[in-house]
Amino acid sequence: MERISFLYSTCEDRIYQLLDRVFAAHSKDFKGEVVIVHQTLTPEKFKEIPDLLSGINGVVYVLQSQLGVTKSRNLAISLATSEYILFCDDDVDYVSIDVSKILEALKGAKACTFRVASTEGGYTKNFSAYRKVHNKFSILSVGTIEVVCDRRFVVNNHIQFPEDLGAGAKYPSCDEPVFLSRIMKAGGRVDYVPLTICAHPPESSGKSLASFEAVYSRAIAFRYIFGSFFYMPVLFVFLIKNLRRIGVGNFLSVILKVLF
Numbered sequence: 006m007e008r009i010s011f012l013y014s015t016c017e018d019r020i021y022q023l024l025d026r027v028f029a030a031h032s033k034d035f036k037g038e039v040v041i042v043h044q045t046l047t048p049e050k051f052k053e054i055p056d057l058l059s060g061i062n063g064v065v066y067v068l069q070s071q072l073g074v075t076k077s078r079n080l081a082i083s084l085a086t087s088e089y090i091l092f093c094d095d096d097v098d099y100v101s102i103d104v105s106k107i108l109e110a111l112k113g114a115k116a117c118t119f120r121v122a123s124t125e126g127g128y129t130k131n132f133s134a135y136r137k138v139h140n141k142f143s144i145l146s147v148g149t150i151e152v153v154c155d156r157r158f159v160v161n162n163h164i165q166f167p168e169d170l171g172a173g174a175k176y177p178s179c180d181e182p183v184f185l186s187r188i189m190k191a192g193g194r195v196d197y198v199p200l201t202i203c204a205h206p207p208e209s210s211g212k213s214l215a216s217f218e219a220v221y222s223r224a225i226a227f228r229y230i231f232g233s234f235f236y237m238p239v240l241f242v243f244l245i246k247n248l249r250r251i252g253v254g255n256f257l258s259v260i261l262k263v264l265f
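In this text, residue positions in the sequence shown follow my numbering: the first is 6, and each later residue adds one.
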């Protein structure tokens with residue numbers, strides 16, 4: 006039977022809140038695989054973690070001294086062995102996930118994005134009620150925890166997350182659409198499926214446009230996705246549309262940086 010590897014990213018003391026979620030979601034009878042990449046600059050503090058995880062089958066736990074969520078996810082991809090991989094944060098709940106429905110949804114696609122419930126009720130954003138095929142524009146609003154993909158396709162095509170983007174990097178967002186665009190450029194179909202796979206708190210660090218770095222993250226992502234020529238009009242439309250959130254100062258700073 007095909008399996009899913011749950012790829013968890015965490016750092017420092019956040020490992021302890023992740024342990025509670027892992028124990029709740031993955032019992033001794035769990036048939037998949039759990040990969041936990043724990044980023045820390047003080048590994049000696051966490052020597053007991055492997056013993057705490059020993060009660061769960063199929064757990065791979067590794068320490069990583071580098072920081073940045075995209076570095077964590079790329080390492081996790083290289084360690085996974087299941088047919089499919091699901092990207093997990095340390096504040097996400099998977100208690101009622103139906104793996105068989107996820108596997109069924111993935112037939113014919115190399116990656117699928119799914120709905121995420123809010124821990125406060127409803128969903129984390131407005132999700133469509135209908136299945137659809139993604140394009141370069143629709144992937145711009147996708148979060149990593151919505152994504153499940155074909156591991157072999159990703160590995161065989163050398164697809165990785167961009168390590169200059171994402172939480173913990175200088176430019177803290179937009180790594181998800183770049184990753185999905187690389188699947189699409191390699192010939193893989195990416196679908197959206199109206200199936201709820203997890204629950205997450207309503208706030209997201211990737212939504213803020215209050216800093217230059219957050220706004221310039223979009224410029225970098227658009228260049229990856231649309232190419233060095235076509236990304237400019239896409240970026241300009243984005244900046245104009247979100248001018249109030251961005252502010253005139255950040256607007257001008259981004260324009261000057263991409264032009265010069």
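It cannot be assumed that every hint is accurate.
DSS-like mimics (lysine-lysine), calculated; alpha carbons at most 27 Å apart, straight line [claimed, not checked]:
(1) K106 - K175
(2) K36 - K141
(3) K262 - K141
(4) K175 - K141
(5) K36 - K50
(6) K262 - K246
(7) K137 - K175
(8) K175 - K112
(9) K130 - K52
(10) K175 - K130
(11) K106 - K137
(12) K130 - K36
By construction, these hints were calculated from the structure, which means they are not laboratory data.
Checking each numbered hint in turn, tell me which of them this model violates, lowest number first.
Hints 1, 2, 5, 7, 8, 9 and 12 contradicted; others consistent.
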